[in-house]
Amino acid sequence: MECAFEAQNLISISLRKIQSSRTQRGGIKLHKNLLVTYVLRNARQFYMSKNVSQTQRTHQYEDVAAVRERQDYFELSGSLTELADDFYCNFTGVESETWHCGAHQPNGQPAEVAHQDASACAMLSPSDSDLMVSEACWSCADKSSWELPIPNLQANQKTVLDLDTHVVTTVTNGYFHSDCCAQPKQPQGAQCYTKKRKMDTSYHIVDPEFYLPDFGPVPCKRMRTEDDFHSDSDQLDNTNISNLISVLGSGGLSEFVSWQQTDLEQIFAAQTICLKHTLLTGSGWTRAIEAF
Amino acid sequence: MGRGENIAHLVQPGRRQKTQQEPLDVDPLIIRFLRTFREILKFVLFSYTVLFGALLLARTTQQTRVSSSKSRARDRYPLSEPLIMAGAGGGNSDVQWCFSQVKGAIDDDVAEADIISTVEFNHSGELLATGDKGGRVVIFQQEPETKNQPQCRGEYNVYSTFQSHEPEFDYLKSLEIEEKINKIRWLPQKNAAQFLLSTNDKTIKLWKISERDKRPEGYNLKEEDGRYRDLNTVTTLRVPVFRPMDLMVEASPRRVFANAHTYHINSISVNSDCETYLSADDLRINLWNLEINDRSFNIVDIKPANMEELTEVITAAEFHPNQCNTFVYSSSKGTIRLCDMRASALCDKHTKQFEEPEDPNNRSFFSEIISSISDVKFSHSGRYMMTRDYLSVKIWDLNMESRPVETYQVHEYLRSKLCSLYENDCIFDKFECCWNGNDSVVMTGSYNNFFRMFDRGYRQDVTLEASRENSKPRSVLKPRKVSTGGKRKKDEISVDSLDFNKKILHTAWHPLDNIIAVATTNNLYIFQEKLN
Chain A
1 MECAFEAQNL ISISLRKIQS SRTQRGGIKL HKNLLVTYVL RNARQFYMSK NVSQTQRTHQ
61 YEDVAAVRER QDYFELSGSL TELADDFYCN FTGVESETWH CGAHQPNGQP AEVAHQDASA
121 CAMLSPSDSD LMVSEACWSC ADKSSWELPI PNLQANQKTV LDLDTHVVTT VTNGYFHSDC
181 CAQPKQPQGA QCYTKKRKMD TSYHIVDPEF YLPDFGPVPC KRMRTEDDFH SDSDQLDNTN
241 ISNLISVLGS GGLSEFVSWQ QTDLEQIFAA QTICLKHTLL TGSGWTRAIE AF
Chain B
1 MGRGENIAHL VQPGRRQKTQ QEPLDVDPLI IRFLRTFREI LKFVLFSYTV LFGALLLART
61 TQQTRVSSSK SRARDRYPLS EPLIMAGAGG GNSDVQWCFS QVKGAIDDDV AEADIISTVE
121 FNHSGELLAT GDKGGRVVIF QQEPETKNQP QCRGEYNVYS TFQSHEPEFD YLKSLEIEEK
181 INKIRWLPQK NAAQFLLSTN DKTIKLWKIS ERDKRPEGYN LKEEDGRYRD LNTVTTLRVP
241 VFRPMDLMVE ASPRRVFANA HTYHINSISV NSDCETYLSA DDLRINLWNL EINDRSFNIV
301 DIKPANMEEL TEVITAAEFH PNQCNTFVYS SSKGTIRLCD MRASALCDKH TKQFEEPEDP
361 NNRSFFSEII SSISDVKFSH SGRYMMTRDY LSVKIWDLNM ESRPVETYQV HEYLRSKLCS
421 LYENDCIFDK FECCWNGNDS VVMTGSYNNF FRMFDRGYRQ DVTLEASREN SKPRSVLKPR
481 KVSTGGKRKK DEISVDSLDF NKKILHTAWH PLDNIIAVAT TNNLYIFQEK LN
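Line by line, the protein sequences are chains A and B. Residues 1 to 292 (UniProt numbering) make up the first sequence, in order. Residues 1 to 532 (UniProt numbering) make up the second sequence, in order.
These are computed hints drawn from the structure, not numbers from a lab. One thing to keep in mind: the hints can contain errors.
What the hints assert, rightly or not - To spell it out: a stretch of chain A is covered by chain B in this simulated footprint if at least three of its residues, at any positions, have a beta carbon under 8 Å from a beta carbon of chain B; those stretches are: (1) 5-15; (2) 19-27; (3) 31-40.
To be verified - Below, in silico cross-link-like pairs of lysine-lysine (PhoX-like), each with a Cα-Cα straight-line distance of 20 Å or less: (4) Lys352(B) / Lys377(B); (5) Lys502(B) / Lys487(B); (6) Lys349(B) / Lys333(B); (7) Lys503(B) / Lys103(B); (8) Lys29(A) / Lys303(B); (9) Lys147(B) / Lys103(B); (10) Lys430(B) / Lys29(A); (11) Lys530(B) / Lys147(B); (12) Lys333(B) / Lys29(A); (13) Lys530(B) / Lys417(B); (14) Lys29(A) / Lys133(B); (15) Lys490(B) / Lys417(B); (16) Lys205(B) / Lys190(B); (17) Lys417(B) / Lys503(B); (18) Lys29(A) / Lys173(B).
What the hints assert, rightly or not - Just the calculated beta-carbon pair ranges, DEER-fashion: (19) Ser344(B) / Ser20(A): 35 to 43 Å; (20) Ser20(A) / Asp499(B): 52 to 60 Å; (21) Glu309(B) / Ser20(A): 50 to 58 Å; (22) Ser20(A) / Pro144(B): 47 to 55 Å; (23) Ser20(A) / Met248(B): 41 to 49 Å; (24) Asp107(B) / Ser49(A): 45 to 53 Å; (25) Asn191(B) / Ser20(A): 43 to 51 Å; (26) Asn259(B) / Ser20(A): 43 to 51 Å; (27) Ser20(A) / Glu166(B): 24 to 32 Å; (28) Ser20(A) / Arg459(B): 37 to 45 Å; (29) Ser49(A) / Glu412(B): 22 to 30 Å; (30) Ser49(A) / Lys502(B): 33 to 41 Å; (31) Asp425(B) / Ser49(A): 40 to 48 Å.
Note that the Cβ used here is the ideal one computed from N, Cα and C, for glycine as well.
If we strip away everything but chain A, and leave its shape as in the complex, we get (with noise of 0.2 Å):
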């Protein structure tokens, strides 16, 4: 079996193969992009299988010090994946309460926890595909091996981008969260952070050279802040319900695959220039998709 290093590396190719088949003349081949994913999987796989085997302790100061390091750095294609993981991890009824922002309190935490999660994630979705299955496996692990700030664990969840209010909420189960409402106590929907960017500590390794170019070091999205997700299950933003438009779907794949719903590269495109904008200027998104 290939060595950690290696799968890195794949990872990585194929996070780029992915990026420059969007702008493959002839439209998005969803053969070759399906296999890409595939690939992606059994290296991340490896790599958890790895990483899940070793303390973390030892790594725990490495990875705040590493995200600080990353902020800089934004990997649009990276994220894609990440974001996907970020949001979806398709077996019911886990919630996980655990929710912190790593960067601000990183605790130790002992591996035996990531074993039992993994397993619990592993017996909580015996129906769903691999593809699934592996990547929720791995963000449970992750998630409380290292108290990290965790993407939203629960299941079916959505994160939409609505292109009227610039508002990015993450949609599960029915309720709303409003992740772009920075504090409950200002619920302007125009004051809007970009999606939480989970850090993950198995990319922090990575080469930045595989950051594309083309996008440029674009900082990373503003950390959800821990009071944010404690009001999330209450925040019902009605406002933002109307006129949305699903951006990522709740799976690893569905960025890939459901151009036909939705104009991918427009829509990701305009959300890499939102991005910037936003975490750059602090003061909101503009309108202007300058993308297309």
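Position chain B against the provided structure of chain A, taking the given hints into account.
Just chain B, lined up with the frame of chain A:
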């Protein structure tokens, strides 16, 4: 007799005197038997002589052929069994391939539009069609065999060229639709004209290729150049007559089957009923009637309700060559499903599923990619089907779903190189495969302009190369070998020196003769069996 003596006989008729008849001069019984017996014996001997003579004649001619083939076989395959020559289209190791023609530009600079994307013989083998990335179709026609060279089968020369598909733009999705011809399929010939179906990613077109060698002349209202005559000058009427003209081959689109596929079309297949055909994209298969272009039936739909649950796509589909209700489709997961259209209108539920369990020892990051089937082809008999995945060719018996009956490794030495093949995208190459006319040999392509033939009967395989170096007319192709071990023998090529940009994805075998068409990147090679 005297007057007097017989009167007594006459007067007394009652009593006829039994005069002692003179005994004939007869041989005794035994002699008579012997004579009859002699005649019978003569007859029997004669007939046996005739038969024996015929048998001897046949055996002597056969023996000379056998002995010559034996000697040849031993030279090339020292460990193989001695062979008996089979009929045309059989016995691989008996067949020597020699170069016949090469079509296409010589220079190494390959224009993207000239890259050949499909090759197909028609049902008689007289016509050979190729499609390229630029949307063009070129049809070659075999010259009839000449009297002075009866041993050499006719050459293929350009018969017709036309632009089948143009690049299009889907405004709704802001996507460009490539004009690359994905597949060409000929229709069985029904009249003087030829028909073929060609498809790109989204649209299928039915083309009629017809010859015109006569032209009507002598119109009353028109001049010869087409101008209308002044009616005042028309004083007499005449009947236009057909006059011979130079042969002109016209290709005209008769039907355009569009807007039925959301995803990219990967295969088309004409039914044996010659009225319908299927077109398959990544997730759906549609059934069309050749006459009706604004409607099609969806017969297979594997799109999941939630696209996130997508795990496999359709990679190829084909109708059974004899049974008009049966078709198969292969998936990216390495399974083949056989469906019967009589069972239900929507054939999502397959009738048979052919799948070989994966070997857990060979599990790697790329297991899913290399198990994805790139081509499926029925044998001419309809009993078997062949599938091509990245590293092997498998032959399945339609009666056995659990595993293939034969598996041939095409380039197993690439298994250790999968990582680098993934990086340079070669692992996604879709190789095709084909049967020969009597289903005894299968052929498929590989890298470095190599192509491989597997003889099913004699369990032998050969690797040949399509290159300009071996392009002398009627030069015999030398078998090539890739060295897998440490020691590289003379004339062998090491795996690292293979050129992965030179790949043979498309091959075709003449339906009746031993003539093969092999497409390299932008050249089409035609090889023929060496005839004495």
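Results of checking the hints against the structure:
1. For the segment 5-15 of chain A, the assignment as covered by chain B holds, since 4 residues bring a beta-carbon within under 8 Å of that chain's beta-carbons and 3 suffice.
2. Remark: the segment 19-27 of chain A is confirmed as covered by chain B, as 3 of its residues place a Cβ nearer than 8 Å to a Cβ of that chain, reaching the required three.
3. Requiring three or more residues with a Cβ within less than 8 Å of a Cβ of chain B, the coverage given for the segment 31-40 of chain A holds, as 6 such residues are present.
4. A threshold of 20 Å between alpha carbons decides the hint, and for lysine 352(B) with lysine 377(B) the separation of about 16 Å falls inside it, so the pair holds.
5. For the proposed pair lysine 502(B) and lysine 487(B), the alpha carbon gap of about 25 Å is over 20 Å, so the pair is violated.
6. Distance hint between lysine 349(B) and lysine 333(B) is fulfilled; the C-alpha atoms sit about 17 Å from each other, no more than 20 Å.
7. Proposed proximity of lysine 503(B) and lysine 103(B) is supported: the alpha carbons are some 16 Å apart, at most 20 Å.
8. Straight-line distance between C-alpha atoms of lysine 29(A) and lysine 303(B) comes to about 15 Å, which keeps the hinted pair within the 20 Å bound.
9. Taking the CA atoms of lysine 147(B) and lysine 103(B), the gap is about 25 Å. The hint is violated against a cut of 20 Å.
10. The suggested pairing of lysine 430(B) with lysine 29(A) holds, with an alpha-carbon distance near 13 Å, which does not exceed 20 Å.
11. Of the pairs offered as hints, the one joining lysine 530(B) and lysine 147(B) holds, with about 18 Å between alpha carbons and a cut-off of 20 Å not exceeded.
12. The straight-line distance between the Cα atoms of lysine 333(B) and lysine 29(A) is roughly 16 Å, inside the 20 Å bound, and the hint therefore holds.
13. With a C-alpha separation of about 36 Å, the suggested pairing of lysine 530(B) with lysine 417(B) is violated against the 20 Å cut-off.
14. With a C-alpha separation of about 16 Å, the suggested pairing of lysine 29(A) with lysine 133(B) holds against the 20 Å cut-off.
15. For a cut-off of 20 Å, the pair hint linking lysine 490(B) to lysine 417(B) is broken: about 23 Å separates their Cα positions.
16. In summary, the hint linking lysine 205(B) to lysine 190(B) is supported, as the alpha carbons are separated by about 18 Å, within the 20 Å threshold.
17. The hinted pair formed by lysine 417(B) and lysine 503(B) meets the criterion: a straight-line CA distance of about 16 Å does not exceed 20 Å.
18. Note on lysine 29(A) and lysine 173(B): the hinted pairing holds, with a Cα-Cα distance of about 14 Å set against a maximum of 20 Å.
19. Taking 35 to 43 Å as the suggested C-beta distance range, the pair serine 344(B) and serine 20(A) conforms, at roughly 41 Å.
20. For serine 20(A) paired with aspartate 499(B), a C-beta distance near 23 Å fails the hint of 52 to 60 Å.
21. In this structure the supplied range 50 to 58 Å is violated for glutamate 309(B) paired with serine 20(A), their Cβ-Cβ distance being about 25 Å.
22. At roughly 50 Å, the beta-carbon separation of serine 20(A) and proline 144(B) lies within the given 47 to 55 Å, and the hint holds.
23. Roughly 46 Å separates the CB atoms of serine 20(A) and methionine 248(B), a value that falls within the hinted 41 to 49 Å.
24. A hinted range of 45 to 53 Å holds for the C-beta pair aspartate 107(B) and serine 49(A), which are about 51 Å apart.
25. Remark: the range hint 43 to 51 Å for asparagine 191(B) to serine 20(A) is upheld by a beta-carbon distance near 49 Å.
26. Between asparagine 259(B) and serine 20(A) the beta carbons are some 29 Å apart, a value that contradicts the proposed interval 43 to 51 Å.
27. Checked against the given bound of 24 to 32 Å, the beta carbons of serine 20(A) and glutamate 166(B), roughly 25 Å apart, stay inside it.
28. Take serine 20(A) and arginine 459(B): their Cβ atoms lie about 43 Å apart, and the range 37 to 45 Å holds.
29. Against the hinted window of 22 to 30 Å, the Cβ-Cβ separation of serine 49(A) and glutamate 412(B) comes to about 28 Å, which satisfies the hint.
30. In this structure the supplied range 33 to 41 Å holds for serine 49(A) paired with lysine 502(B), their Cβ-Cβ distance being about 39 Å.
31. Aspartate 425(B) and serine 49(A) have their C-beta atoms about 27 Å apart, which leaves the hinted 40 to 48 Å range violated.
Violated hints, in rising order: 5, 9, 13, 15, 20, 21, 26, 31; the structure is consistent with all others.
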